Every structure is written in structure tokens, then in C-alpha cells.
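Asker: To convert, take the position in the sequence shown, counting from 1, and add 142; that gives our numbering.
Mixed in with the good hints there might be a few duds.
Said to hold, decoys possible - Below, in silico cross-link-like pairs of lysine-lysine (DSS-like), each with a Cα-Cα straight-line distance of 27 Å or less:
1. Lys220 - Lys249
2. Lys553 - Lys413
3. Lys544 - Lys570
Keep in mind that the hints were calculated from the coordinates and are not lab data. The structure displayed is predicted, hence computed values, not measured ones.
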Amino acid sequence: MMSVPTVGVKGSKVAGASKRSAMLGAPMRAKAAVRSVARKSVAVTAKNVDPFADNPPKKVVLAYSGGLDTSVILAWLKDTYGCEVVTFTADLGQGEELEPARLKAEKFGIKEIYIDDLREEFVRDYVFPMFRMNALYEGTYLLGTSIARPLIAKRQIEIAQEVGADAVCHGATGKGNDQVRFELGYYALKPDVKCIAPWRIWDLNSRTSLIEYAEAQGIEVPASKRNEAPYSMDANLLHISYEGNIMEDPWTEPADDMFTRSVSPEQAPDKPTYIEIEFEKGDPVAIDGEKLSPAMLLTKLNELGGANGIGRLDLVENRFVGMKSRGVYETPGGSVLYVAHRAIESICLDRGSAHLKDELMPKYAELIYNGLWFSPERLMIQAMADKSQEYVAGTVRMKLYKGNATVVGRKSPFSQYDPNICTFEDDKGAYDQQDAAGFIKLNALRLRTNATVVPGIFMPKK
């Protein structure tokens, strides 16, 4: 494909239209330029500039996984700035052994190494509050990646304050949402912190150059990394995501062997699994009568949902940075929990409260997706959501079967469902049906008035 000229701020050119033709107002060339831009992807590029070249950081807290990319970043930080590096590795339930990250950091001569088990805090203080609001981004995405970033950012800032670091660093690329999520979190918690994003600074812009740099630094490069993986993955206790490479064609169906947390619905058991989930103040607290901690409860739901082929999602989403992205997600436990929570709310919340939550939910979900967990508006909506859950308690019975999580029962000591009122049998005067006539007439008043003023608007004359 022919390359498209760069669009910059100063001295830029519009694809297919020279400055001279633009000044002359050549209409045919202008139209051709518009058609050309419409047919091609416009690449916006800029020369990499290191904002810290004149004032390099002295001590950096790096979000470190122990993988190839963050190991290269670790070496690059020391090589570029001559700074001290503190590594931080978060256990969010991604299912990986984290001790190798410590050993790799030690090989680099790192003296301060943090490996923190944040699973309980993650589920209790981030996942469960989000589920109280029934958050879905663009109607489908349960925000598994988005909700993990605020906690990582918070812990990095805490460590930076503990060790006296003047900078933090992440390994997110300059194309995705995570760079925004991390950095908005950093600045919300420590406005004067230096934030280093190597992918926006260095010139290691290909897998080959990255591997060459790693080898020059003595970093072991696994054989699996020498050829690009068919997709990139991000995992925590709530979900796992798959993006990139073969997934970039939205017409390509992912291979079934890609999935790691669920069987396919076709391979799920032919017999349904029934479970009961207990709620207190909007949060799940027990499964089948067994009280569990937040992290252990979500782990159990992951096992139950995954075994029954529940929680797979393939979507094209709108990234905050402006592009569309295709991702495939597995969220087995979260998918079960979402359905169960809406079910217990259906009998515990009155109509006005439930509908107001539903109206605000898309905004709340967008705030989390865009990295604004630590924003005043998110706290405002959260306060409303938490207040609404004060009497959301009881039990939901779920049927898990071949990719479906179905509600088959719900009960609560605070249930607003009154069978004496809604029964089709004799309600013994609990509801006077004659009252409906006045209710209907009042609601019809504006419709009748409108039909009088604008006759035939809905029933045109033939």
C-alpha cells in the first residue's frame, strides 16, 4: 500500500494536496485528496523526544512483570538515565509464578524488589464496587483490564513515596488505553511525579530491534519471543484478554485452543450446574452456603463458569485514544456474577433507583475504561451506587449450562416483590384495579392534547 504523508502540527502536508494547490484552491485536487484520505489510514507520527533528557530521574519505580519487554525497559532505564530502579510486580491473580520476576530483577542488581499479593484488595476494593454499578463498556465489556490499572498505579505511587523515588515507569505502548489509565492514576495521586513511558521515547520500535537490544544487554530471550506470538494477552483474577496480530482481522474467528479459562460451550457438560450465590450490601459473600473471601469467591466462580463454557466475548471496541480495537475476552466468574447481581437487585431496588443506576451506568463504565477511576465524578457516582446497595441482600439461584448463566430463583429479606399484589388470583383488596383508570387518563392527557393540536401525526389520512 502506498504510504500516506505525515500529518503534523507545523509544516504539515495534507495527503495528495500540495501547499501550492491548496492556496490556489484547486477543486479537483482537493476532492481527490479527500477521497485519498478516506481510502487510506492516515498515520500521525512525531520524532521521539525524551522529556527527561535534561533532567533525568534519580530513582524510578518500574511496573515489572519479569517478561522480555519490561526486562528491556529495566536495562534501558539504567542505561539511559543511570538511575536507580525499584521493581514492583503485582499479583492480581494472573495465574503466573512471580518468583522468577524477583530472580530476574536480582540479576540486574536491583536492591529494592516489591512483589505484592493484591488479589483480595483488587476484588474487594475495585471489582466488587464496579459490579455494584453493573458496569458494562459499550454494552458488553466487563472492564477486566481497565479495572486493574488504578490499583497498579496506586501501589506504584505508594512505593515511590516509601523509597523516595522521583519517577514511575510503565510498559504500555503509545497506541493503547493503558498508557492513559496508568498515567491518569499517577497524576491523580501524585501530581508532581515524573512519568516515564519508554515506548513513546526510545527507538526500539520493532520486535527485531527489541531482541537485539536485549541480547546486547545480556537479557535472556525465550525462543517463543523470537517469533511474534499470534496474539498478546493480559490477565488478572477477573479476566484474560487476547489482542493483536491474527486477532487484528475482525473477520477471523479465534482458534478454540487459544482460550485458557473456559471450555467451549459445545464441549461443556450436557448436565447443568446449579449454584446459589448469597449477597450482602450488593456484594457476593457465599456460594452454596460457604462463606468465601472476595478473591476466593471470584476464583470459585471462575472455575464454575469456565467449566460450563461461560464468559467468552469477541468485540470491537472504541479505544479512548481514538481508534477501534478488536479483542477477545474470557470473564467466566464475572459473567455469572453480573447476571446474579442484577437478579438480586430486581427484587431489592425500587423502579426509580434501578432505572437511575441504569442511566448512569454507561457514564460510570466509560470513566473506568478511560482511566478516570480517581476522578471526582467517579466517586460521586460510586457513592450513589454504594448507597443503593444498602438493602441489596439475599440469595440468587443460577443455572450454568453450555455458555449460559440463567437465573432460576431469587429471594431476599428485603424483597419488594409482593405476590399478594401482583397475583392473578384474588388479592383480597390489596390492589384496587379501578385506580388504574385515573392513572391512565392522567398519563394520556399530553398525548390527547398533542393529537388535538397536531391531528393525523400518527394516523395519516389515506
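Asker: Has the given pair, lysine 544 with lysine 570, been kept, meaning a C-alpha gap of at most 27 Å?
Answerer: violated (43 Å)
Asker: Take the C-alpha atoms of lysine 220 and lysine 249, compute the straight-line distance between them, and say whether it is at most 27 Å.
Answerer: Holds, because 13 Å separates the two Cα atoms, which is no more than 27 Å.
Asker: Hinted pair, alpha-carbon criterion (27 Å max): lysine 553, lysine 413. Please report holds or violated.
Answerer: holds (25 Å)
In this structure, the one hint that does not hold is number 3.
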